[in-house]
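**Student:** Those protein sequence lines, which keep their order, are chains A and B.
For the first sequence, position 111 (counting from the first letter as 1) is numbered 111 according to this note's numbering, and the numbering increases by one without interruption.
Going from the second sequence to this note's numbering is simple: count from 1 and add 1000.
Quick caveat, the hints were computed from the structure, so don't treat them as lab data.
Among the clues, some could well be false.
For lysine to any residue, the following SDA-like pairs were computed, each having C-alpha atoms within a straight-line distance of at most 20 Å [to be verified]:
1. B:K1069 <-> B:E1022
2. A:K229 <-> A:D103
3. A:K229 <-> B:L1102
4. A:K229 <-> B:D1104
5. B:K1027 <-> B:T1056
6. A:K69 <-> A:T56
7. A:K229 <-> B:G1098
8. B:K1229 <-> A:V231
9. A:K69 <-> A:D3
10. B:K1229 <-> A:A99
11. B:K1229 <-> A:E158
12. B:K1069 <-> B:Q1080
13. A:K229 <-> B:K1229
14. B:K1229 <-> A:L102
15. B:K1229 <-> A:L7
16. B:K1229 <-> A:D101
17. B:K1229 <-> A:Y125
18. B:K1006 <-> B:Q1057
19. B:K1229 <-> A:D3
20. B:K1027 <-> B:Y1017
21. B:K1082 <-> B:A1325
22. A:K229 <-> B:E1158
23. A:K229 <-> B:V1231
24. B:K1069 <-> B:E1051
25. A:K69 <-> A:L7
26. B:K1082 <-> B:A1008
2 protein chains.
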Amino acid sequence: MLDDRKLAVLRAIVEDYVSTNEPVGSKALAERHNLKVSPATVRNDMAALEEEGYITQPHTSAGRVPTDKGYRLFVDRLSQVKPLSAAERRAIETFLAGAVDLDDVVTRTVRLLAQLTRQVAVVQYPTLNRSTVRHVELVPLTDRRVMLVLITNTGRVEQRVVELPEAVEDHRIANLRAVLNACLDGCGLSSVPELVADLPERLPIEDRPAAATILSVLLETLVERHDEKIVFAGAANLAGADFATGLRDVLEALEEHVVLMRLLGETTSDTPSALTVRIGSENPYLRGTSVVATGYGSGDNQLARLGVLGPTRMDYPVTMGAVRAVARYVSQILAAS
Amino acid sequence: MLDDRKLAVLRAIVEDYVSTNEPVGSKALAERHNLKVSPATVRNDMAALEEEGYITQPHTSAGRVPTDKGYRLFVDRLSQVKPLSAAERRAIETFLAGAVDLDDVVTRTVRLLAQLTRQVAVVQYPTLNRSTVRHVELVPLTDRRVMLVLITNTGRVEQRVVELPEAVEDHRIANLRAVLNACLDGCGLSSVPELVADLPERLPIEDRPAAATILSVLLETLVERHDEKIVFAGAANLAGADFATGLRDVLEALEEHVVLMRLLGETTSDTPSALTVRIGSENPYLRGTSVVATGYGSGDNQLARLGVLGPTRMDYPVTMGAVRAVARYVSQILAAS
DNA sequence: CTTGGCACTCGGGAACACAGAGTGCTAGAC
DNA sequence: GTCTAGCACTCTGTGTTCCCGAGTGCCAAG
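Could you put together the complete structure from these sequences and hints?
**Tutor:** Here it is as structure tokens:
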């Protein structure tokens, strides 16, 4: 059905269209890529490709433009991920190495990725899922309020102010803190709920109401912050591109964390570091855009996802190379800290 | 020079232009606002206003459009800040009241303001300047690394991992923590540097290298985070409007914290809660946009600034009302917590 | 000072022609 | 059977012209 030459034609169409942003015609194509055949032959192949739905023409007698299906074939079979230049790799390394804490790592990563790809970059904070508790701190504020601070091994810090149902003396808070840390230190966050389930019962009865309140806030924090936090950068790169769905929708999606999460997608458990490419209508919500994403994280724990979002007409090989490289470097950084 | 009627004409021009986004002509103006005079008279007044530089015409024989100078006069003398409706006030109150921590307060505030004004909202985090230390926590990670956590009375938490020059036993860390807290608890952040200046000398000599390292990181944190953190929301509202300077520049400015800070401006120390309006060319950097901002914060401490950024053609009375109201409510919330 | 009248200007839309790029098709060459 | 060359056809985009109408500035009269 599709012989090698037809595939070569499709590849050429995608490449030309991506670089020029204009429908590509048979003549220009035969010239620019030395296909060794005449424009007429290319036209025949194009007709076949259009028949199969890989390309389309905006109007009769204009050049051809790849369809989502065409891009899909290109990404799957016709292109190779393009590695970064040595200079780019060095730049990544030095830029990321300067980060001082987790917030900084994430901020730098997202900016870096935006700059590298000239698209909108999106980075999800490492989820608490596979993190472990490093320390729980209770700071008495007044006799009826304490600040709960949870520190994880990924360097993440969550804090909440807890209103107690009754006044509690400081030394009892200190005791509770000691019990909590003894119980939770080093444990995975996902196992926290069961670990603390019977904890109130092991306390003196007068401490139980306060403990229950604090624990409920703690559990709430774990659930809420589960995988909600996500940041983006490079919105300015949207200014040039034109989206099928309109710029406004894209900007709105970027500020809706829920939508953004769905776009980044789930990390498939079997091959967590694989690149995910969703093209145009394959995306939920924003069907005029493409998303290139991957999981990242330290060691074999895939903790979160990052990627870029751009117009369907995107340089996939370069984008995929940048996403993959950044994911690797940031994973290294996280593993080292 | 400018009698009452001319001012009324200017006001009418601004109002009409803001609502219709089309140059406003003498005839329509005389009809819509019952000025009791004929279009010809209005034309004479317009000629005078144009002579003075308050309005201009895009091309010969089109209607008139306010200049930056015209908007300035309108804001200063011809308009009144428009208070919010009762429903809006209730919505603000309930929305902000649900915030669980400082991050949440800021996030909710910026979103709220963006939604209310249909512009881009910008909120600076309360600076550490006038905050006080609530608690300093040192968590040993390994024998050569500790996590430094600084908690302020505004609910803000800063954390850093500190690499120690030599291995230090846990009980020494605990001792150092106790000393630090005894020294700093309740003190203003700005007084921290002098308070800790002689601290190493009061410690056993073997603890001094570690203490010095930790203190230098602590001081660094105070300086770096001084007033850097700033967030925005509502970029989608830019999609419709057109900017003299181009959408791209605006989006870029939003991601440059330094530029954003400059746009929000300084809180003038004498009247900190006054509304600042910068119109078009009055702005540094982004001269095609207007910024309405004000200081906010708890009590008489003006801690930070918030505001909105939009096209010069903006409904100033409504925007100013929303900014002022949100600043008041968020100040209340902060004071209460 | 205000008003009505009037000539003038200019932008924007409609109608139109046209060049150019691209196509599909068919007949001939390898 | 596959590729190529030629040719007629179909579009879009652009430039031109024309005209309408909104809006103006100016002037003379109330």
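**Student:** For each hint, tell me whether it holds in the structure or not.
**Tutor:** So, going through the hints one by one against the coordinates:
no.: 1; hint: B:K1069 <-> B:E1022; in the structure: 18 Å, holds
no.: 2; hint: A:K229 <-> A:D103; in the structure: 11 Å, holds
no.: 3; hint: A:K229 <-> B:L1102; in the structure: 15 Å, holds
no.: 4; hint: A:K229 <-> B:D1104; in the structure: 12 Å, holds
no.: 5; hint: B:K1027 <-> B:T1056; in the structure: 17 Å, holds
no.: 6; hint: A:K69 <-> A:T56; in the structure: 10 Å, holds
no.: 7; hint: A:K229 <-> B:G1098; in the structure: 18 Å, holds
no.: 8; hint: B:K1229 <-> A:V231; in the structure: 14 Å, holds
no.: 9; hint: A:K69 <-> A:D3; in the structure: 17 Å, holds
no.: 10; hint: B:K1229 <-> A:A99; in the structure: 16 Å, holds
no.: 11; hint: B:K1229 <-> A:E158; in the structure: 18 Å, holds
no.: 12; hint: B:K1069 <-> B:Q1080; in the structure: 18 Å, holds
no.: 13; hint: A:K229 <-> B:K1229; in the structure: 17 Å, holds
no.: 14; hint: B:K1229 <-> A:L102; in the structure: 15 Å, holds
no.: 15; hint: B:K1229 <-> A:L7; in the structure: 51 Å, violated
no.: 16; hint: B:K1229 <-> A:D101; in the structure: 15 Å, holds
no.: 17; hint: B:K1229 <-> A:Y125; in the structure: 18 Å, holds
no.: 18; hint: B:K1006 <-> B:Q1057; in the structure: 17 Å, holds
no.: 19; hint: B:K1229 <-> A:D3; in the structure: 57 Å, violated
no.: 20; hint: B:K1027 <-> B:Y1017; in the structure: 14 Å, holds
no.: 21; hint: B:K1082 <-> B:A1325; in the structure: 10 Å, holds
no.: 22; hint: A:K229 <-> B:E1158; in the structure: 18 Å, holds
no.: 23; hint: A:K229 <-> B:V1231; in the structure: 14 Å, holds
no.: 24; hint: B:K1069 <-> B:E1051; in the structure: 12 Å, holds
no.: 25; hint: A:K69 <-> A:L7; in the structure: 13 Å, holds
no.: 26; hint: B:K1082 <-> B:A1008; in the structure: 18 Å, holds
Going down the numbered hints, you'll see the structure goes against 15 and 19, while the others check out.
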